[in-house]
Amino acid sequence: MTTTDPRPTSEPTDARPARRGTGTRGTRVVGIAAIIAMVWLVAFGLGFSPEDRDQRESVRLLYVHVPTIWLAYLAFVVTAIGSGMYLFTKKKSLGWDRLAGASAEIGTVFVAVTLVVGALWGRLTWGVFWQWDARLTTTALLFVTYVGYLAVRRLGGTHEQRARRSSVIGLIAVLEIPLVHWSVRLWRSLHQEATVLDTDGDVDMDGLMLFSLFVGVIAFSLLYVWLVMHRTRAMAMEDLLDDHGLDEALAARRAEDDTLSATPEPAVDPKGAS
Amino acid sequence: MEDAGFIIGGYVLTFATVALMAWRYVRSGRKLGERVPDEEKYWL
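Residue numbers (the working numbering), protein chains in the order written: chain X, 1 to 274; chain W, 1 to 44.
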């Protein structure tokens, strides 16, 4: 069977295939699974789940509030693992640093979402958007710490310098997570204690409520995996283009120097100078 | 549903953030992908 080129012959033919982005079959599978889980979350969170005896309808906000902070915790733990792997392995692969950076970026956005959704929940439950309560304050501190981490990543220097600096911060910053989690027990707090992951192992939730929360955690975990896959790949390309840009600039500079040294200087006539 | 504005607002804010992040990441991936040869992309 023969095929014909549908393009007119006057048009320039470019046989090079279009270059591809960060998507693969893996990201598509994870992305579709995340979308399905999100649809389930909305259906259960806003529809099928019953209202709470004490919190009434405001409990529905917890089906996004808890999974978003779960995503942030997960992201920051991965940042710490990536940082540790960069610092303490012989190979010092920048891939670990990029994983740490991508993960911190995603986690920081979702801490911000947690704080805003939590403020809406607080307004319905406590009557105020914000209180300088131990849990709220430590979460805000966590957000500021990771904004600082991302700022440090943007300081100048080589990729290796960036990786070294940020890895140290990534390993220290993760220590805030237990502080945030246990803040409700360490200090007298307005925020409720953990309902699922508490110390006595009891789950004080209705079955459908627990299922809605579970769907939320699965949905946001899948979303995290999808986002981090895309972002680490984009960061790898950014680093590559950075290196190429530097190489090209150096080559251009060398070529300029060679041209200048090869060009004979024009003879200067002292009398002719005005 | 009582306080529907706050609850739906919370969901809208969350999913709008998710959509915006997803769109930005895919778009930046495509733009960067145009400038980098496929041989350099370890995921392909």
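Since the hints were derived computationally from the structure, they do not count as laboratory data.
Bear in mind that the values here come from a model prediction, so they are computed numbers and not experimental data.
The beta carbon of each residue, even a glycine, is placed where N, CA and C say it ideally should be.
There could be a bad hint or two in this list.
Calculated lysine-lysine pairs in the DSS-like style (CA-CA distance at most 27 Å, straight line) [as the list claims (entries may be wrong)]:
# : chain 1 : residue 1 : chain 2 : residue 2
1 : W       : Lys41     : X       : Lys92
2 : W       : Lys31     : W       : Lys41
3 : W       : Lys41     : X       : Lys91
4 : W       : Lys41     : X       : Lys90
The following label-pair restraints were derived from C-beta to C-beta distances [what the hints assert, rightly or not]:
#  : chain 1 : residue 1 : chain 2 : residue 2 : range
5  : X       : Thr24     : W       : Phe15     : 18 to 26 Å
6  : W       : Ile8      : X       : Leu150    : 27 to 35 Å
7  : X       : Ala251    : W       : Gly9      : 49 to 57 Å
8  : W       : Pro37     : X       : Gln55     : 15 to 23 Å
9  : W       : Pro37     : X       : Trp130    : 47 to 55 Å
10 : W       : Leu20     : X       : Trp132    : 27 to 35 Å
11 : W       : Trp43     : X       : Leu150    : 22 to 30 Å
12 : X       : Ile32     : W       : Leu44     : 44 to 52 Å
13 : X       : Gln131    : W       : Arg27     : 13 to 21 Å
14 : X       : Ala33     : W       : Leu44     : 17 to 25 Å
15 : W       : Asp38     : X       : Arg165    : 43 to 51 Å
How does the Cβ-Cβ distance of Leu20(W) and Trp132(X) compare with 27 to 35 Å: does it lie in that range?
-> 30 Å, holds
Assessment of proposed distance window 22 to 30 Å (beta carbons of Trp43(W), Leu150(X)) | 24 Å, holds
Straight-line Cα separation of Lys41(W) and Lys91(X) no greater than 27 Å?
-> 20 Å, holds
Status of the given 47 to 55 Å range, CB of Trp130(X) versus CB of Pro37(W) | 50 Å, holds
Go ahead and decide if the range 18 to 26 Å is satisfied by the Cβ distance of Thr24(X) to Phe15(W).
-> 24 Å, holds
Satisfaction of the hinted span 13 to 21 Å by the C-beta atoms belonging to Gln131(X) and Arg27(W) = Between Gln131(X) and Arg27(W), where Cβ atoms are some 38 Å apart, the hint is violated.
Does Lys41(W) pair with Lys90(X) here, judged by a C-alpha cut-off of 27 Å?
-> 24 Å, holds
Between Ile32(X) and Leu44(W), does the C-beta distance stay in 44 to 52 Å?
-> 20 Å, violated
Hint says 49 to 57 Å; check whether the CB-CB distance for Ala251(X) and Gly9(W) agrees.
-> 54 Å, holds
Assess, step by step, whether the Cα of Lys31(W) is no farther than 27 Å from the Cα of Lys41(W), and give holds or violated.
-> 14 Å, holds
Verdict for Asp38(W), Arg165(X) (Cβ pair) under range 43 to 51 Å = Given about 32 Å between the Cβ atoms, the range is violated.
Sort out whether Lys92(X) lies within 27 Å of Lys41(W), counting only the CA atoms.
-> Answer holds: Lys41(W) to Lys92(X) is near 20 Å, not above 27 Å.
In terms of the numbered hints stated before, the structure departs from hints 8, 12, 13 and 15, listed from lowest to highest.
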